[in-house]
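Those sequence lines, one after another, are chains A and B. All residue numbers for the first sequence refer to the numbering used here, where the first residue is 1 and numbers rise by one. All residue numbers for the second sequence refer to the numbering used here, where the first residue is 424 and numbers rise by one.
No lab work stands behind these hints: they were computed from the structure. Note that the coordinates shown come from a computational prediction; the quantities given were computed from them, not determined experimentally. Where is the CB? At the ideal position from N, CA and C, for every residue including glycine. Among these hints, one or two may not hold up.
[Said to hold, decoys possible] Mimicking DSBU-like on lysine-lysine, the simulated pairs with C-alpha atoms at most 30 angstroms apart in a straight line are:
1. A:K343 - A:K84
2. B:K510 - B:K589
3. A:K84 - B:K589
4. A:K322 - A:K79
5. B:K510 - A:K114
6. B:K589 - A:K114
7. B:K510 - A:K322
8. A:K88 - B:K589
9. B:K512 - A:K114
10. A:K114 - A:K261
11. A:K343 - A:K114
12. A:K343 - B:K512
13. A:K84 - B:K512
14. B:K510 - A:K84
15. A:K84 - A:K322
16. A:K114 - A:K203
17. A:K30 - B:K589
18. A:K88 - B:K510
[Stated by the list, open to error] Pulled a few chain A residues facing chain B out of the computed Cβ check, cut under 8 angstroms:
19. N262
20. G368
21. V390
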Amino acid sequence: MAVIESKAKIYEGSRIPQPIPTVLQVDKEKHKLEDILTVNFGPNHPSTHGVLRLVVDLDGERIAGIAAVIGYLHTGFEKTMEQKTWWKCITYPERIDYLSFQTNELVFVLAIEKLLGLETPRKATWMRMCLSELNRIHSHLVWLGTSALELGAISMFWYTFDERDTILDLSEMVCGTRMHTRYFQAGGLAEDIPRGFYDEARKFCKQMSRAVDEYEGILDANAIWLKRTKGIGLLSADDAIALGQSGPCLRASGVNWDLRKNMPYLAYDEVDFDVPVYHHGDVYDRYKVHMDEMRQSVRIIAQCVDRLEEMEGEPWIADDRKVVLPPRHELHTSMESLIHHFKIVTEGYTVPEGEVYVVVESARGEMGCYVVSDGGPKPWRVKFRAPSFVALQATATCMTDAAIADMIAIVGSLDGVMGEVDR
Amino acid sequence: MAYEGVPGLVETVEAHGEVTLVIDAARVVEACTHLRDEEGFNFLSDISPTDYLGWAAKGVAGYIGTRDGRDLHAPGSQGMRRVPDAKPKRFAVNYHLLRLADDPVRLRVTCLLDDGEEIDSVVPVWPTADWFEREGWDMFGIVFRGHPNLQRILMEDDWEGHPLRKDYPIGGEPVRFSGEE
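Next comes chain A alone, as it looks inside the complex (with noise of 0.2 angstroms):
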């Protein structure tokens, strides 16, 4: 299938706002003659996913203008990051995305083995595919859960954070912590996979297919949930390429772009898998993209698990003493052992100079890496493209004609995280 049909184009002319394209902006002179009502919405509001401020011009229940406010949740990660070595970096990008923390230290991960030119061994690719997929399904499976909650369907929620509870414990076994995981290094895992993993995971996979079956049950069953999400939020497809849209957005807009499958990463190109697309472009398709990617995601776990089986006994890290750490046990017995773990933890490696842009597909889309090197052991630049802060320069286009009760659906199905967006 080609990355964009022609039929793709389901709406004439582009809704995209202007001169601005972020802000939806009301005629001065309308301003004046009708009763257009000002209204400000969060930051600290429950249904805005975090801390996204909307200050929304209303004339009666439409929404006549729209201009949304970040960086409440700002934390200068970026600066951050400039100051410490690479090695201790890697904690910081799973920070900036508190859904999808395992996918952002991957990419960070990536940067830093592009540009020292590490290999890494199967296994690794492997389980970073594996843990990359449940932190997608994990992702995912709150942005179902608070989406729908926001729309009044309180159920979801509890449903959700059942299955994301499984997820996590899978992640507390293999890394010891539920979230911000720091399981990747430079060169590939920080532990070997712990024994009984693969059982777990393929239990996961069971109750996971059966659960997707009962969201979308309970979900498309609803009257209320099918009204207030069909037909809403439309984007089309050339206005989601022109806003840079990624992910499930844009392939609910009938773009058949996944860079798992465009521009294949890890091991993606030796998985079976399909990229779902939808045409609309409303908040229901988005929905939908959501739900199939959860069950794709269960397929590649799948697939993963049985091929990390057959890996037993093979190294979980690339055998490079210049950059990873030596195995715990020789730091008792081998001075080369010790002096090697100080300097990496004490000076850190060096990387060497240069820049690279790496991207792999998160759970929001395409979640890139822009990394430049002095030579020196701490980053010059590290900059993160973040698909949440790409995602929300669509809402203009998306509210365009919309009620002010919509607004919550539309704001929810372009799935922003925050801290993602703020950075």
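Position chain B against the provided structure of chain A, taking the given hints into account.
Positioned in the frame of chain A, the structure of chain B alone reads:
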């Protein structure tokens, strides 16, 4: 090379499997329009400005001990590593482009700027540049000429300074109180 026809092309750099086009900053809109229309780069992934103040100089963040440190990849050599080449100008604005089609390609377009130098906005070329350029202004103080709404985006509207500049101190920002005049 494939990108010879790009207006304002200064040089083409290939490293780590990535292609970088260094473009004359004055012709960035022309070059980007050409890349979008002729080369099919319909998707702007990212705009990442970088501040190279103190690049390849002594005592900057990133170096411990001697100016260039030891080459950890050649143990025992004790050889001094090459210092990175100095950059001709202080700022670099990097545009990461993607051809979102059946034959996907990534490309980086770099424009070099001095402090205080302005660059044309690419919002008319790719609407998604809106927030990226606002972030560039907010974090680096780079003025994107012709941007329809060049305001601070992540920091407060009345913030002083541009935090990602290399001369912006870390941990030294004053604590502000709302009642303060």
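State the violated hints by number, sorted upward, taking the hints as numbered earlier in the document. Going through the list in order, the structure violates hints 12, 16 and 17 and respects the others.
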